[in-house]
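**Student:** Letter by letter, the chains look like this.
Protein chains: 2
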Amino acid sequence: MDYKPVSPELLQQFRLIVGEAYILTDTDDLEPYSHDETEDLQYYPQIVARPQSADEVSALLKLCNENYIPVTPRGAGTGLSGGALPVKRGLVIAMERFNKIVKIDEENLQATVEPGVITEVFMDAVAEKGLLYPVDPASKGSCFIGGNVSHGSGGPRVVKYGTIREYVLNLQVVLPSGDIIWTGANTLKYASGYNLTQLMIGSEGTLGIVTAIVVKLIPQPKYNALMLASFTTNEAACGAVSAIFRAGVIPSTLEFMERKGIEWVIKFDGLVFDLKDGIEAFLLIEVDGNNQDVILENCEQVNTVLENFDCKEVLFADTTAQKEELWRIRRTMPVSVKSNSVYKEEDTVVPRAALPVLIKGIKEIGAKYGFESVCYGHAGDGNLHVNIIKGNMSDIDWNTKLKDGIREIFKLTVDLGGTLSGEHGIGLVQKDYMNIKYTDVHFALWRGIKQVFDPNGILNPGKIFAPSPLKGGIEV
Amino acid sequence: MDYKPVSPELLQQFRLIVGEAYILTDTDDLEPYSHDETEDLQYYPQIVARPQSADEVSALLKLCNENYIPVTPRGAGTGLSGGALPVKRGLVIAMERFNKIVKIDEENLQATVEPGVITEVFMDAVAEKGLLYPVDPASKGSCFIGGNVSHGSGGPRVVKYGTIREYVLNLQVVLPSGDIIWTGANTLKYASGYNLTQLMIGSEGTLGIVTAIVVKLIPQPKYNALMLASFTTNEAACGAVSAIFRAGVIPSTLEFMERKGIEWVIKFDGLVFDLKDGIEAFLLIEVDGNNQDVILENCEQVNTVLENFDCKEVLFADTTAQKEELWRIRRTMPVSVKSNSVYKEEDTVVPRAALPVLIKGIKEIGAKYGFESVCYGHAGDGNLHVNIIKGNMSDIDWNTKLKDGIREIFKLTVDLGGTLSGEHGIGLVQKDYMNIKYTDVHFALWRGIKQVFDPNGILNPGKIFAPSPLKGGIEV
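Residue numbers (UniProt numbering), protein chains in the order written: chain A, 1 to 476; chain B, 1 to 476.
Next comes chain A alone, as it looks inside the complex:
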């Protein structure tokens, strides 16, 4: 069987399931669902459905499964790897009406939340109870927590608090068959069969659609301190990163930013900042906890380390406003860099001590292929986002040569013990590089798992390890 378009009869059934008002078919209505935050890519779905319950998702999926309709689940559309792009058309299931915080359980320090809740909205709600949900991607103000689950998201605080993988306890998932399951239990430990919760996290909507999420919460730390350290070279900044841990300090964030990143925030976001000559790189370092003396002590330890890495200046944020201003630099950097030019963003991750070699290599590869790059990211995790800027590169080079350059960057990443993506996922735009690290054996296991969950290959086709062998027109 080949994938099928949605017939008028089927469309009518969709309308009966979710209600007339929540089925979109006009081109203008479909447009917002035709792109995410990935470069300038655009793919229109045939239809968008906006269900509100697991039962509705179940009924939709069952019909699509029986009729070989490709289905692309969609969160807030803030993804950077094209995971939400409906490359085979078909149906987009948009999760924006799953927007309820079902329960904040203060006794157990857990919460149940629907996948269409904006991450920051959820963080704020638990913060009001004195609790912390620490998984805060740069897009926290607009991304959905369901998308975070699907991508195994991180953010600046992973370095101390871990990724979303360490917070999700249990998931309600609708399978292509229409079956609705809970993947695990609402417990901090789980040793009861293969861990389906962990398998779903980072599966990018290819195995099932998440309709409810149970997460662990922790007590909100009372205090934090934030400092911005400036360095004459990228290598010095990156070198300081692993030394801070070796000194026994676990910062709550440890972010790297290139000078150019700051320049573009100044240019595009109106930042007022005294950017000194000779400074090439910055580390934004936060420590948090419940005791001011300990935080001060940690800051001193960090300072001592920085002195050994040719750090030119350390700026302490004294007030909440100053802290917000420093964070604004980091948080607006992605959009500032991207507003400048056509770009591609790659999400590299290596063991953290390999960062200096990685960043040096990225610049050398750029020089070889004639592209400029701006790097920033979660240096404490060894996670560097590499923004490749088209700038003056010719269209021909951009569309042909560049791919070889990116391949070299990923090759270097893998050679350093790393992998292609730390938190953005593989989606559409990284899948062609997966064979740099992974073998036919990995692909066979992944495809086998995919077949178990989605035998007809309807869920988010064309992603991660696709193109797969086809059976008829269906990816298997």
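Because identical chains share one entry, a pair is satisfied inside a single copy or across any pair of copies.
Derived DSS-like pairs (lysine-lysine); straight-line CA-CA distance at most 27 Å:
1. Lys-390 with Lys-267
2. Lys-160 with Lys-103
3. Lys-160 with Lys-129
4. Lys-160 with Lys-222
5. Lys-403 with Lys-368
6. Lys-363 with Lys-312
It should be emphasised that the hints constitute simulated quantities derived from the structure, not laboratory data. Since the model is a prediction, treat every value here as computed from it, not as a measurement.
Fit chain B to the supplied structure of chain A, relying on the hints for placement.
**Tutor:** This is chain B only, laid out in the frame that chain A set:
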């Protein structure tokens, strides 16, 4: 095809692969491999092989796969769910020669370790470098880290530091096909395809054999404080548990012990302890960190909470020797309880605020079915080990009625939002209870995943969700 016994020709091939000295066939030599620490169960394998390298494991597995020989991987044999019992005979692959700490990478705070290294040996080796590997099951002095991976192990410090799931970064795995893969990357984050590392953790040797493990390390905290709090009721002790977290303290351990557990340590381990009348339960509470003032402050916060829960006494350990003595009580409790009688141990886990209801229910179920139980465990995680003692129960009741009682305990556990095992695994002895929580859909997904990795069903047959449907005599 049915499972086959190992033919003399195949045995000769095994000898060529691992060397004559490392193939055991005599009954006396096989005896140590015929049981683990699970009750009084005993199953002899036909043959034991003791390979030393991934290549040797690969060659063995390939032959067994081609010849339908059941293979049971074995660590130190300290498991409590019968996971290492060769219930279908065949070949036991004993991992004890995989006993090297390959590398402690102080720059990246990572280590590479073989699966046959004793957990405590590894902990001590990293502690010498000022680093902490915090996953310390009660059996840390004898269990293997490979077994810990296979069971998703925890231990007392999970409450602050997380389970082994949060420390394993990458695994070298041999598949039944003989293929050797690394499941992921040596990175703190990973969003590059389905997470095979997490899938392997807790899979109890049914998907592949782990031959090398890369783990994350953290800085060793400098100080800790340990206190033993006594309560007049189990419910009061369990009730205090979630209140401690709500007060904003995350202890590094928070262990529950019933009075009877202490009585048996006194009786069987020669403990000198002033066990006061009216005391029914204890919490062993540790806080750790790098600042003595903060630790003291945390202890005071804990104390304030305890006062609200009818705590009768708090004993502070002032010296290292006193700390060791308190830990000895907890660590020797399992063996002391078990030396007393035939027993069964069940590993329940619930959201932590449900502990008082769980323990009350366990006692009521015991009264109904006529069995005595001794409970202890990692209360901070909601994880309670329930030791059911045969005592005066008749053999008939023990062998028939008891199963219904255990089923009721697990039913209660599941009703409270929990699951059957938090850290011991399902193995052989819990598998019949899996259908209390899990549906045919779960079983179909698990079996599907099993088939992808192990299409001939040779790896650790008869465990977790077996008995499976048979194709010939092979579980699929």
